[in-house]
Amino acid sequence: GTDPRISINVLESAGLEVSHVLDEPTAVADLLQLDNAGVVDIGGGTTGIAIVKKGKVTYSADEATGGHHISLTLAGNRRISLEEAEQYKRGHGDEIWPAVKPVYEKMADIVARHIEGQGITDLWLAGGSCMQPGVAALFCKQFPALQVHLPQHSLFMTPLAIASSGREKAEGLYAK
555 GTDPRISINV LESAGLEVSH VLDEPTAVAD LLQLDNAGVV DIGGGTTGIA IVKKGKVTYS
615 ADEATGGHHI SLTLAGNRRI SLEEAEQYKR GHGDEIWPAV KPVYEKMADI VARHIEGQGI
675 TDLWLAGGSC MQPGVAALFC KQFPALQVHL PQHSLFMTPL AIASSGREKA EGLYAK
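Heads up: the sequence shown begins at 555 in this note's numbering, then just goes up one per residue.
These are computed hints drawn from the structure, not numbers from a lab. Nothing here was measured: the structure is a model prediction, and the numbers come from that model. From the three backbone atoms N, C-alpha and C, an ideal C-beta is built for every residue, glycine too. Take the hints with a grain of salt, since some may be wrong.
With a straight-line cut-off of 27 Å between C-alpha atoms, the simulated BS3-like cross-links for lysine-lysine are [said to hold, decoys possible]:
1) 695 with 655
2) 660 with 607
3) 695 with 660
4) 607 with 695
Simulated restraints, written as ranges between beta carbons of each label pair [what the hints assert, rightly or not]:
5) 694 with 590: 29 to 37 Å
6) 722 with 638: 37 to 45 Å
7) 563 with 722: 39 to 47 Å
8) 653 with 571: 41 to 49 Å
Work out the full structure: start from the sequences and follow the hints.
Next up, the structure:
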């Protein structure tokens, strides 16, 4: 992931005040008010993982595998441009699953390394790349001891969580 100091410097140089910084899976965990759970946010370029215990994020990581890698794999498999692959994957989920499944298996293996020994009971999937048909079943198979959750609109989960967190923090900062 990107070093948060870079984003802070850019925003402050534009004259904006930075009230707080948090990663995507932490924002999702806060929005859902999770306990004893993990969040896996498969974003465009990275997969973020957060572990929540007693309502607090106790562990967070970001790995450089995400939806962009799905598009790269699909572009190579179908011999099409990256832009075409990006569009194609959105409308042909079932058809592309055999080609992109290995990338998701790699993501699940990465998640397994991060959550091993954490003692969580639930795993929440977030991010647009989780909406690919087959992803939830793959994670259920990879993590049979966990209750795997895929919210209906996981594509919107992360931006809504970030907006909600920003609103809550701003209300606390500027309350009269």
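Status of the hints after comparison with the structure:
1. 695 with 655: 13 Å, holds
2. 660 with 607: Cα-Cα ~26 Å, so holds.
3. 695 with 660: This hinted pair holds, its Cα atoms lying about 14 Å apart.
4. 607 with 695: At roughly 23 Å apart (the allowed maximum being 27 Å), residue 695 and residue 607 satisfy the hint.
5. 694 with 590: 29 to 37 Å: 18 Å, violated
6. 722 with 638: 37 to 45 Å: 40 Å, holds
7. 563 with 722: 39 to 47 Å: Because 24 Å falls outside the window, the suggested range is violated.
8. 653 with 571: 41 to 49 Å: This hint holds: roughly 46 Å between Cβ atoms.
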